[in-house]
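K.L.:
Protein sequence lines, in the order shown, are assigned to chains E and Y.
Residue numbers 543 to 659, in our numbering, belong to the letters of the first sequence in order.
Residue numbers 107 to 219, in our numbering, belong to the letters of the second sequence in order.
The set of hints was computed from the structure by calculation and includes no laboratory data.
DSSO-like mimics (lysine-lysine), calculated; alpha carbons at most 30 Å apart, straight line:
1. K613(E) to K148(Y)
2. K148(Y) to K586(E)
3. K176(Y) to K583(E)
4. K582(E) to K173(Y)
Interface residues of chain E toward chain Y, partial, derived using beta-carbon atoms under 10 Å:
5. Q548
6. Y575
7. Y577
8. Q579
9. I597
10. V630
11. V638
12. G651
All C-beta atoms in this analysis are idealised placements derived from N, C-alpha and C, irrespective of residue type, glycine included.
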Amino acid sequence: DTAVSQTPKYLVTQMGNDKSIKCEQNLGHDTMYWYKQDSKKFLKIMFSYNNKELIINETVPNRFSPKSPDKAHLNLHINSLELGDSAVYFCASSQVLASGETYNEQFFGPGTRLTVL
Amino acid sequence: QKEVEQDPGPLSVPEGAIVSLNCTYSNSAFQYFMWYRQYSRKGPELLMYTYSSGNKEDGRFTAQVDKSSKYISLFIRDSQPSDSATYLCALIISNFGNEKLTFGTGTRLTIIP
Numbered sequence: 543d544t545a546v547s548q549t550p551k552y553l554v555t556q557m558g559n560d561k562s563i564k565c566e567q568n569l570g571h572d573t574m575y576w577y578k579q580d581s582k583k584f585l586k587i588m589f590s591y592n593n594k595e596l597i598i599n600e601t602v603p604n605r606f607s608p609k610s611p612d613k614a615h616l617n618l619h620i621n622s623l624e625l626g627d628s629a630v631y632f633c634a635s636s637q638v639l640a641s642g643e644t645y646n647e648q649f650f651g652p653g654t655r656l657t658v659l
Numbered sequence: 107q108k109e110v111e112q113d114p115g116p117l118s119v120p121e122g123a124i125v126s127l128n129c130t131y132s133n134s135a136f137q138y139f140m141w142y143r144q145y146s147r148k149g150p151e152l153l154m155y156t157y158s159s160g161n162k163e164d165g166r167f168t169a170q171v172d173k174s175s176k177y178i179s180l181f182i183r184d185s186q187p188s189d190s191a192t193y194l195c196a197l198i199i200s201n202f203g204n205e206k207l208t209f210g211t212g213t214r215l216t217i218i219p
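Next comes chain Y alone, as it looks inside the complex:
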C-alpha cells in the first residue's frame, strides 16, 4: 500500500463547476500538506500548503485537512479552463534539513469551456 493514495482520474468538469480533489494517507507522522499543480510538460508548482486540520482558503482554492481521518482535499470554485492540469497532493514529515516530499499519484483535471 502506498503511503499516499490519490484518485488518478482523469476528471472532466464544465467551466464554472466546483472541483473536489482528494488524497488519503497512512502515516500519521506527516505534518505538512501541500497541493502542487503541474501543467503538461512543466515542473510542479506549489499551489497551497497547510499544517493543521481545518480549511485554508486562497482565492478560488480551498485546502482542507482532516488529520483524524488522514484525509486531505482541494476544492476549486468557479473552475476555469486554465485550471486544467494535473494536481498532486504532497505530504512531508519535515525533519529539519531533511524534507522528503511524498507525492500522491496526481489527478488529471480538464475544465471544459
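Isolated chain E, as found in the complex:
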C-alpha cells in the first residue's frame, strides 16, 4: 500500500557512470517532483511534471534528465556522475485541486541515497 515508492533505496557508483532512479506513485496524482537533499539536509526542488509535462526545471545540469512515461511514474536519469551528485534524492507527488485555493500536499517517497565514489 506504499503511496510513493522509489528504487533503488541505495545506489553506490563510480564517477563518470550513468544511473537511473525510478519513482512510482499509486495515489492517482497528476503532478510529480524530484528533490535533492544534500549532506546538510537542505532540500531543494529539481523538477516537477504535471500530466507528463515538464513544469519546473530549477537550473539543474543537463546531465540530469527526468522522464515521465505516464502520470504515475517519474524517473530520473543521471549521466556522467560527479562527486557532488552524492545526496539523497526524493520523489514526491501531489494533486492540483481545481479551486487552487488550498495547498495541495506533496507526498514524499522514502528517498534514494546516491553515493558517487
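Given chain E, put chain Y in place with the hints provided.
P.N.:
Below, chain Y alone, put in the same frame as chain E:
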C-alpha cells in the same frame, strides 16, 4: 541570502518541555506555510500548513505565522521522544499547477527522556 532561513540546531530538550522552532523568509509573495517532519532515513511528511497570519493548532502542535515580520514558528507542547526528528519549514507561492516548495535548512530536534 537564502529565501528561507532556519536555525539548523541541533536542539535538545527534556521530555515534556515546550519546543519552539522558527523560520524567517524574505519573499512576501509566499502564501502558504508548511511544517514538515522528517525522521532519520525517511522522506518528509507534512505536519501542518497555514496560509494566514495568526495561530493554527493541531493537538500538541501550533503553527504561527506573522506575515508582517516574515516569521513563522512551530510550537510543540508536552514534547515526547517520538517528536525527535528534523523539522523543515516550507513555503510556497502557489501558482496553479506550478507549486514549488522552498524549504528551510531544517532543525534537528532531540527530545531527551
